[in-house]
Amino acid sequence: MVSSKSNSNNNYDVIVIGGGIVGASIIRELSRYDLKICLIEKEAELSFGVSKSNSGIVHAGFHSPPNTLKGPLCARGNFLYDQLHLELGVPFKRVGELVIIKQSEEIPDLEKFKRWGEECGVPGMKILNESEVHQYEPSLSTDVIGALYAPTAGVVNPYEFVFLLAQNAKKNGAEIKTSEEVISIGDRVAKTTEVITTKDRYNTKYIINAAGLYGDRIANMVGIYNFKIIPRKGEEYLLDKKLKGLVKQVIFPLPSKTSKGTLVIPTLDGTIMVGPSAEDIDDKNDLTTTDEVCWQIFDKAKQMIPAIHHKYLISTFAGNRPVPVKLIKNAKGKYVKDPDGDDDFIIAKTDDVPGFINVAGIQSPGLTAAPAIAEKVISILKDDGVVLKANKYFVSTNPNPKKIREMSDDELDKLIKSEPDYGKIVCRCEMVSEGEIMNAIENGAQTLDGVKFRTRAGMGRCQGGFCSFKTMELLAKGLDISPLEITKRGEGSNILVEDLKKQKEKI
Amino acid sequence: MDEQYSCVIIGAGPAGLSVAIAITKNSKKKVLVLDREKHPGGILNQCIHTGFGLTQYKEELTGPEYAWRVYSEAKELGIEIRLSTSVIRVSEDKVITTISAEKGIEKIKAQAIVFCTGCRERARGVIHIPGDRPAGVYTAGLAQKFINIDGYLPGKRVVILGSGDIGLIMARRLTFQGAKVLAVLEASSFVGGLSRNVVQCLDDFGIPLYLSHTIIDIVGKNRVEKVKIARVDENMRAIRGTEFEINCDTVLLSIGLIPENELAEMAQVKLDPATNGAIVDENYMTNISGIFSCGNALHVHDLVDKLAVEAQTVGKKVAEYISGGVFAESDIIVTHDDFIRYLLPKKISGKSDVRFHFRVRRPLSDVVLKLNNFERKFPYLQPNEMSSVLIPAKHFEDIEEGIQREIKIWIREN
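Line by line, the protein sequences are chains P and Y.
With this note's numbering, the residue at position 261 of the first sequence is 261, and numbering never jumps.
With this note's numbering, the residue at position 141 of the second sequence is 141, and numbering never jumps.
One or more hints might be untrue.
Straight-line distance between alpha carbons at most 30 Å, and here's what the computed DSSO-like set of lysine-lysine pairs gives [said to hold, decoys possible]:
# : chain 1 : residue 1 : chain 2 : residue 2
1 : P       : Lys242    : Y       : Lys107
2 : P       : Lys177    : Y       : Lys109
3 : Y       : Lys226    : P       : Lys502
4 : Y       : Lys156    : P       : Lys501
5 : P       : Lys501    : Y       : Lys103
6 : Y       : Lys221    : P       : Lys228
7 : P       : Lys244    : Y       : Lys109
8 : Y       : Lys109    : P       : Lys502
9 : P       : Lys242    : Y       : Lys109
Read the hints as simulated data drawn from the structure, not as lab findings.
Since this is a predicted model, take the numbers as computed values, not measurements.
Required output: the full structure, derived from the provided sequences and hints.
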């Protein structure tokens, strides 16, 4: 029995390590049940690891064969997005995707993907001929001769999705801890395991390892060494809203073995994004962008959509995919790369480590699959004998987030008359009001980037040149701290270094 | 029923207020100035250095002092200024939608609109500086706001990229506040800002200026730790072997200003790619009848005093328009040669004298500007300084009537 209430505040039924899209999906799914649960994230905000830099594509689900975890979980995850959209207010749009080809020899590849998709249950796919593909997407390069079209693909803001999942989980009783890193995991005694963090010690019946790039580090803490995670860097280039409408669908080239390729993505916010690149690197913290990759990406994007130009560039970022490499012990007892290992998701309990479930190596299509992964984790717990009693207080919905840029004049006028802070524009490029920023802070935003990713303040063409300080003032007020303590994205990234108004006193 | 005004001016900075004053002095019509900020004066409020008003007021004023003078004059004339009010939409038929905490959403119908929306700074993303994305990378204007308005120092060891005026001014300002400015880097072979600012803000404080240099990498996980710098060739490409590093905690960007015309574009106003400002005729009217543009929203000025002169001209023309005046059709297209980076107005009627404003692409000395038989000598022309030339109407006269009514202004090197 798991659901017995403990007297101590630090005793949990389940601890989820990692507050990205996977961890947040799992904690929200767990919050449906009468369990004492918490999520621990080492960064200052949720989603600030892998998820923040995700391309934001909800894939249709034809990129992987049906005998993998990826294939069916991706198709199932895609299906679940409609409900999440309705329940949590996750902005989501099914824009469709096109895998384009320029040579007729590539048609069999499209047919293969279509077959995989159909076997995984992806609806509505079809192969477009030359005239159809140009009707679907008029700005395509003229040498495109066909495409696989999948209407169910969509776009979301990955970080926003994480925030909304966590917001709902919290409302349903889950605890969310940020800026707290798991540093070791103790032995299992009387069916509980001790989790030691930079701030505290906890006891838990189950640990879910959703630590993204650091999934191997967490697994090693309990003696699991049969995989490692290597970072595969992807650079993304965000273009000005002036290009809104240039493409309607997500445009893919024919994928390679390591990546789905450089895409042209119509983001949910109306900008166009090109990327990502795919480069295996050594340093999990390396989020640099480089000139070479920038040019490569624009070259590739232009081959698909000639109207793309770097003069529209407004922002650049990079993220690292957590790529799993499966390992086996060799004759000398050393762990080496498993020659038969694949790069599929690792979602399983480990028989010799009770109470520990790995959800590791969740690279693409992890964002899409996350809701289905959460379901799978619940079924693993059930299979392990956990009795899941419904949380009687569970509420599946989030309150309406009140985004003024999406309101009609009448709606907005009415809102301002009752809550005037929604009439104070802070970010003019993206039209974000003081009310929205205060709301974001109430819902957990701790940093300038945290506000930006929740509200879009500072994400537009001036990149925060005009609104940064106003946002900082609101953060200082909302968190009751000095502007000097405000960081871009957590410890050490302070924006300001000295209060000049106090300089005189010092002298 | 929507509110109605003869003219609505968007922006209560020096351009907006000066245009409003000129309109009011030249007509009896009802004028409204809108601004999103709590205080009038626009960006001048954070420019607390001196050097403003030398020709307008024959005094050396600070930015806020200059703004106060213009604002006071507008108030004396009884001009209505609505603050803390953001314009969110402008339609082609001149209906302006505003938002404010006080009044919610409002619509205003105007007979004429003047866009005095100023400009914004180019940010890091626009030029793609490779490297990490730590805290400590700011535009020079944001740093200016941190220090001058909010009273906080954004960093102690600073490298400035770009030699625009705000960057130069900030080099001095940061030094005054106890920060160390380690270098000012400029990718082109000449300075972007005014020469007087190079002398007064860099030379006087021993701050090194590196021309033909740029940042090729920003390093720092959380806060900037260092920058990698290299010399660049004429095509702005880094030259191998010239790299060096500077340890710093802050990078300020002073890499150019972009006129803000997103609202104007909503009203179908056409922009000139050379300025990012509206294409205007000799009356400073855009392609949309009754929509005008003035100040840094039209083209980035070097001195507020020159902007004031422009605002007077624009104000008179707007007054004429809203008083029922009919302009002679501006159907002559003005083009220019490659020495000139941009020139305006681009459309003229040929029936009256026109003052053209222009900037050159690179420093020139001892040159002659020509149009038909008009010639004007310039001992030197600098890209960092806005130049102007008044060409009398008689020089447009011998243009032949034809399908392509086009004249070309060009520069000859002696």
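Verification of the supplied hints:
{"no.": "1", "hint": "P:Lys242 to Y:Lys107", "result": "holds (25 Å)"}
{"no.": "2", "hint": "P:Lys177 to Y:Lys109", "result": "violated (52 Å)"}
{"no.": "3", "hint": "Y:Lys226 to P:Lys502", "result": "holds (28 Å)"}
{"no.": "4", "hint": "Y:Lys156 to P:Lys501", "result": "holds (16 Å)"}
{"no.": "5", "hint": "P:Lys501 to Y:Lys103", "result": "violated (35 Å)"}
{"no.": "6", "hint": "Y:Lys221 to P:Lys228", "result": "holds (24 Å)"}
{"no.": "7", "hint": "P:Lys244 to Y:Lys109", "result": "holds (28 Å)"}
{"no.": "8", "hint": "Y:Lys109 to P:Lys502", "result": "violated (48 Å)"}
{"no.": "9", "hint": "P:Lys242 to Y:Lys109", "result": "holds (26 Å)"}
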